[in-house]
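Chain by chain, the residues:
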Amino acid sequence: SGAGTASGGGDGGDTTLSFIPKNLNNPYITLELSGAKSAAEELGFTYAEAAPLDAGADSQIPFIQTEVQNGTKIIAVSPNDPDAVCPALEDARTGGAKIITFDSDSAAECRDLFINQVAVEDVAKGQLEQLYDQIGGTGDIAILSATAAAPNQNAWIEAMKAEIASNPDYEWNLVATVYGDDDDTKSFQEAQGLLQSYPNLKGIISPTTVGIAATARYLSTSEYKGKVALVGLGLPGQMKEYLTDGTVKEFALWDPSEVGYLTAYAGKALVDGTITGAEGDTFEAGKLGTYTVGANGLVLVGELLKFNAENIDQYDYITF
Amino acid sequence: MTSAPTATFTITEETRVRTGLSRLLLSRDGLFVAVLLLLVLVACLFVPRFASPVTTGYLLLNAMPALLIALPMTLIIITGEIDLSVASIVAMSTVTVGTLTTAGWPFGAAAAAAIVVGLIAGAVNGVLIAFVGLPSLAVTIGTLALFRGLALVVIGDRSVSASSYPDAAIELVGAKLGGTGIPVLAIAVAAAVAIFAIVLHATPFGRGLFAVGYSKEAARFVGIRVPRVKFVLYVLSGLMCGVVGVFWALSYSARSDSASGLELTVIAAVLLGGVSIFGGRGSILGAVTGVLVIAVVTYAMRLQRIPDVTLVIVTGALLIVSVVGPSIFAAVRRSLHVRRVQRTLPRPARAGAENAPHRRLT
Amino acid sequence: MKGLMKATRLRELPVAGALVLLIVVTTLINPRFLTPQSVKDLLLNATILMILAAGQALVLITRNVDLSVGSILGITGFLTGTLFATVPGIPIPVVFVIAMVVGALLGAVNGLLVTFAGVPALVITLGTLYIYRGINNAWAGGKEYFSGDRPVAFGDLSVDTVLGFPIITLIALAVIAVLAVSLGYTRRGRDLYAIGSDPDAAKLFGIPLARRVFSAFVLNGLLAGLAGVLYASRFSSVGATTGTGLELDVVAAAVVGGVAIFGGSGTVAGAAIGAVLLTTITSSLTALRVDKFWQQAVVGILILAAIVIDRVATLRAARTLRLSEARK
Amino acid sequence: MKPEQTSPPPDLDVLRLRSAVKTFGPVVALADGSIDLRAGEIHALVGENGAGKSTLVKILAGVHAPDAGEFFVAGAPVAFRSVADSKAAGISVIYQEPTLFPDLSVAENIFIGRQPRGRLGLIDRGAMRAAAAELFASLGVPIDPDRPAEGLSIADQQIIEIAKAISLDARVLVMDEPTAALSGAEVDRLFVVARRLRDQGAAILFISHRFDEVFDLTDRITVMRDGRYISTHETSRTDVPTIVRAMVGRDVDTLFPKEPARIGEPVLTVRGLTRAGVFADVDLDVRAGEIVGLAGLVGAGRTEVARAIFGIDPYDEGSVVFAGSALPQRAPDAAIRAGIGFVPEDRRKQGLVMDLSVARNITLTLRRSLSRFGIIDAAAERRTADDWAGRLQVKAGSPRIAVSTLSGGNQQKIVLAKWLANDPKLLIVDEPTRGIDVGTKSEVHRLLSDLAGRGIAILMISSELPEVLGMSDRVLVMCEGRISGRFDRAEATSENVMHAATAVEGARA
Ligand SMILES: Nc1ncnc2c1ncn2[C@@H]1O[C@H](COP(=O)(O)OP(=O)(O)OP(=O)(O)O)[C@@H](O)[C@H]1O
Ligand SMILES: Nc1ncnc2c1ncn2[C@@H]1O[C@H](COP(=O)(O)OP(=O)(O)OP(=O)(O)O)[C@@H](O)[C@H]1O
Ligand SMILES: [Mg+2]
Ligand SMILES: [Mg+2]
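In order, the protein sequence lines correspond to chains A, B, C and D.
All letters in the first sequence, in the order written, are residues 68 to 387 by this note's numbering.
All letters in the second sequence, in the order written, are residues 167 to 528 by this note's numbering.
All letters in the third sequence, in the order written, are residues 21 to 348 by this note's numbering.
All letters in the fourth sequence, in the order written, are residues -17 to 491 by this note's numbering.
One or more hints might be untrue.
[Stated by the list, open to error] Subject to a maximum C-alpha distance of 25 Å in a straight line, what follows is the list of computed DSS-like cross-link-like pairs (lysine-lysine): (1) K373/A x K163/C; (2) K223/C x K69/D; (3) K192/A x K294/A.
[Stated by the list, open to error] Distance windows between CB atoms, simulated: (4) L207/B x R207/C: 54 to 60 Å; (5) T340/C x D359/D: 47 to 53 Å; (6) V201/C x L207/B: 55 to 61 Å; (7) V208/B x V59/C: 55 to 61 Å; (8) A158/C x V350/B: 36 to 42 Å; (9) E337/B x T341/A: 33 to 39 Å; (10) V114/C x E238/A: 50 to 56 Å; (11) V114/C x V208/B: 43 to 49 Å; (12) A496/B x T224/D: 42 to 48 Å; (13) F282/C x R101/D: 32 to 38 Å; (14) G427/B x A158/C: 18 to 24 Å.
Just so you know, these hints were derived from the structure itself, not from any lab.
Think of the CB as a built atom: it goes at the ideal place given N, C-alpha and C, for glycine as much as any other residue.
Isolated chain A, as found in the complex:
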């Protein structure tokens, strides 16, 4: 990759694990990356992270290009847009890099592996079950998501819709899907708008940590506290107060640091040839044990964790 390698430091080359999350400075992502970092240390790899400050669709591309030029061999990325990153990822693969997507996926042909927290269907079903436990199978419900084009959120929402349509217990009326753009203020106001526009709303599903926290904050400060159920994916450390004050009864997530951890190990396995990304390949992932690559290069980290007032103290390490 061009001139200048002589004067280079230790970056690039075969032992660098480069992580490009959606953006930096977001608690969930910090948590993910902390797992990645400790795994890299265990493996003796150089850990590098780089990402834009905003989660714009195109803003990750220059970072991928930089990795291409640096000759990095393992690039892990959570695309903000499944397609926009593809040309850059193609360049990287042409240059011999292994590409892993984690947290959110790109188009399947642009990467070698996708490390997903939990199977899409399980995430969707888990949240619906929690809602069913609280409000039963009837009434108006709504979804408050992240950005309109967020790939993982959209996948979960699709799966939820399919499940509602197919499961006879679920006779809910899904009145609206709104987007808080993973922005605290915006999510807050979207939550408020939902309650105002749909007076009979019984439950809200917010499959994003920013959205569920903002919605919980709004509910806890309004007359709807305890009357409207809220489920979704939330950070235990952040949501604890709402479990305590009764705004929220139960929510779900996984351990984000495990996602980063597993991604790092998968990267090593790819680069040392243990796996190619084909279905059925297996690899060791340190403290997490052995994993098998599924169809379409998909690797699942684990199960959905459900948090409630009883078990929250066990899990509130999942924060900072």
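We have chain A already, so just place chains B, C and D with the ligands on it with the hints.
Chains B, C and D with the ligands only, in chain A's frame:
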């Protein structure tokens, strides 16, 4: 005619008129270009792998949207106006080309439609600013929201990937000039830069822009049709944004949030390039250099894996230094000059004691 | 004649009218728009933008602009979170004071650069927009402070109401009232208008231009600091990106509220009403169940409509003035 | 030196500036500025354009800090660091260019910074309005204190400046060409006020290019030339030729040297031009080689007619035919292309792009003719600019210097140069010698006369009767937006013209 005595005193060595090349080299633009070259040199020497054709390719392609929009933006700012809606127009254009292509339009037709959309958006700005006479800052804050909103209306939560377009188009965007790494498209961009530079600096139209920037009323009195000039500029801006939108769709993807925030990047670069926000002063060379300085600094810092936080701070600091610097420089020069004058001019005879009466008038 | 002059000065009238119309129409279609909870939400939503718009009005009136307010709010918001989390038992008023002082300092940096270096505010504050945001990012990193980290009493400022008004809204209203009076009825306040109306003349006339403009920036920073604290009270988390992109909303609110972008006219009350209008339109579109994808476009149209109406009103007033003088 | 020159005993001086120096970059605006003002006198400061009068005024006002020199107020040495300092010392200044705040009301413009305060220290708007109304009443002008300053005529702006200065009760009042925009009646009122202030013990510095005013009003006259103090004279013991010689350092030729020219076919024909509320039924013709004077009181609508003809403003009815074909409305570019030049009355805002260089201003109207294949020929541009600046003897450091740094008279020359370079068939000049010194004035007149001699038609708007009478082949008089009198050169006398100018009942007195 009578030979009137001259009333202007000149200190000759300072009014000596500098000509041609030496003037350019000593001008702000000249210095700024030198700064750019120095930056490139430093980056080549100290940033590993910077000196490579890969850099030229990525760097130039990444800078292209800002560069193309900076051209009409420079003209607009020189007339004392501003266009904050550029990024939203790019998004509309991107979304248009994406949606129409997926709807089965041939790519060429979709791209043309996208450019027309940009043109119309520019015309909307132009009508409101030039003919209705509204302040451009306010209008384009409004259309910033409106155009982005319309993009959202058209494409909603979908996105159209670059792979939906014909391979020929995609290849053209990626094509490089031999081993230099310079994108083929750079030729077109260079041509655009040259055209804008000529229009601004060497045509009657461009001359008029400076006059409009300094004083709209005085410009009117020399027969410049100020509203029409402004309208043309906004349409031009819309047109460029339309073109950039097509480029954007081909390089990245078409989404409602494409190019968001690009307006501030472009304006920052143009201002960094010495174009006066008050109008009347600036050059295409300066603006282009401004875009490239930011592009080079960004690229070099990212190669070094210096976090974007630093980059943001550096961009802001550059912007401030670029405007505060000259003004401090001028102040220092002024005070030096005053001191020199005080030394060269004969001191007036000290007013003697008889001239300093102690009595006060009430 | 008197009435005519009043009408030309009251640029905020059309906005206030539009606001009332919007509320009436929305309520007719969706009566729940005016339930106590909804009213409270409307006020809360508007509060922070109101304060920022009022502060921005001060700066705009002097023919300057401050684009860094979103970043200042971000820093002071995160500062508030940090103070509560790291200094247990810190009294709430102390936090207010510290955040406002920090805001004022950041505003002072803008003011210093603008006045003493004599460079255009748009460029300077675009620069500090980046720098302050960068500082916030560097400081906060991935850290965020949640409402659970803050005392309940602090959060309650944006929950509890007095006479139906949330406490933070009352704080904002009080601040705006004080500002409105100082701007309209004190010599320093009027100086700001003179400066914005013609800076060169102000200098010739002996108005301490630099000092006044500087103080406008400091005040605006202070208000952004206040907004940062209130933000932390109202919303669930404060972190590196808090307040990003707010600057254009703030300027839009002031402009919609009749503050001339080129200085010299407009009022803080108008700016505050503009802020209420902008936030209400979002709520009312939701209440009217307007397609979410249309909302942003409608906001854009509203901004344009506001400035067109303002322009038409000004033109008509000028025309009336001309004809009435001709008749004299 | 002259025998009538006096050197006053220093202890009487309320203000004394000695050997002040002020430079702007390479330009030395003031090389040796000196002035003594006594309590209870009106002191004239005269000098050619660019002599440094306004610069001296700005030093007194604290706007500029002198590079060198000594400055005493009431005997004590002072160094003003700002305008506020000079105000505090009791110096009040009316600048050459009105400095009003367009968005503020007239009353507030007068009292800005020292508005009357009522309860709680808040501004008492009612009291402020009343005080302003009272001031206007004492000045005898009907200005509404509540209207915004925006849109006021230059004359009214000047009156407000005067009211503002008077209301300050200053012990030193400096007026830099306050009468340049005023009509006879307004000037008279101003003089009454000035004398009253003098009698109350104020020292007044009065700058004007009009000798009748200077001799009518002042007690002493100080002459400046080339940035230097030349001499001071007792007004009662000197005369115009002496002062003029001191000013220009030589004898000046006769003013108004209008040479008879061969008058040709009508170039401009205006019929029934009407704009509601501004002017009505204006018919006028200007023939090749003819100078048509357009006289009238300030506010009669002359400027408006000229602007409408040139295409700046719209009109409701009527027609403008130029060189045989109709001129479109609201199209100055068409007017320029057809061969009309327009020297507007407000040279800073309309006549020039102040921040642009001398050269660029001159060639602004030539943008198209100087370009080949759409590209401007830079060399030709430079030549043209140098040529015209030279022909009109513009005094400027370099052609690349901004016109804002030139003195008023030199600026006016640039405006003229700009149009002459465009080779016009008709030149409309609005107050062509406003604020211009005697020497330059006669040059401008000679220039206009020359142009007429070369067959150019000239429509000259002027508020100076001697200028109108001296220069015009025909005189049209406007009053209240209508043409109220038409006179040939022979029948145009001051009585006739003044009568027509005030003919319509209720004309602004
Ligand atoms: N201060 C004013 N107050 C009211 N009306 C004014 C004022 N100034 C101008 N006008 C209106 O505008 C018309 C034209 O004024 P304008 O100043 O153009 O006249 P003018 O004859 O060119 O005077 P000037 O000698 O100042 O050039 C007047 O008839 C009057 O109706
Ligand atoms: N800010 C400035 N920068 C550069 N040169 C200046 C500046 N102000 C004045 N000058 C120059 O100083 C000289 C004196 O100007 P000044 O305005 O004092 O003349 P004046 O006597 O008032 O003339 P007029 O009668 O035309 O008003 C002129 O040559 C002018 O060009
Ligand atoms: Mg002068
Ligand atoms: Mg006039």
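Hints and how they fare:
no.: 1; hint: K373/A x K163/C; verdict: 24 Å, holds
no.: 2; hint: K223/C x K69/D; verdict: 13 Å, holds
no.: 3; hint: K192/A x K294/A; verdict: 23 Å, holds
no.: 4; hint: L207/B x R207/C: 54 to 60 Å; verdict: 56 Å, holds
no.: 5; hint: T340/C x D359/D: 47 to 53 Å; verdict: 49 Å, holds
no.: 6; hint: V201/C x L207/B: 55 to 61 Å; verdict: 59 Å, holds
no.: 7; hint: V208/B x V59/C: 55 to 61 Å; verdict: 59 Å, holds
no.: 8; hint: A158/C x V350/B: 36 to 42 Å; verdict: 39 Å, holds
no.: 9; hint: E337/B x T341/A: 33 to 39 Å; verdict: 36 Å, holds
no.: 10; hint: V114/C x E238/A: 50 to 56 Å; verdict: 53 Å, holds
no.: 11; hint: V114/C x V208/B: 43 to 49 Å; verdict: 47 Å, holds
no.: 12; hint: A496/B x T224/D: 42 to 48 Å; verdict: 44 Å, holds
no.: 13; hint: F282/C x R101/D: 32 to 38 Å; verdict: 34 Å, holds
no.: 14; hint: G427/B x A158/C: 18 to 24 Å; verdict: 19 Å, holds
Of the numbered hints listed earlier, not one is contradicted by the structure.
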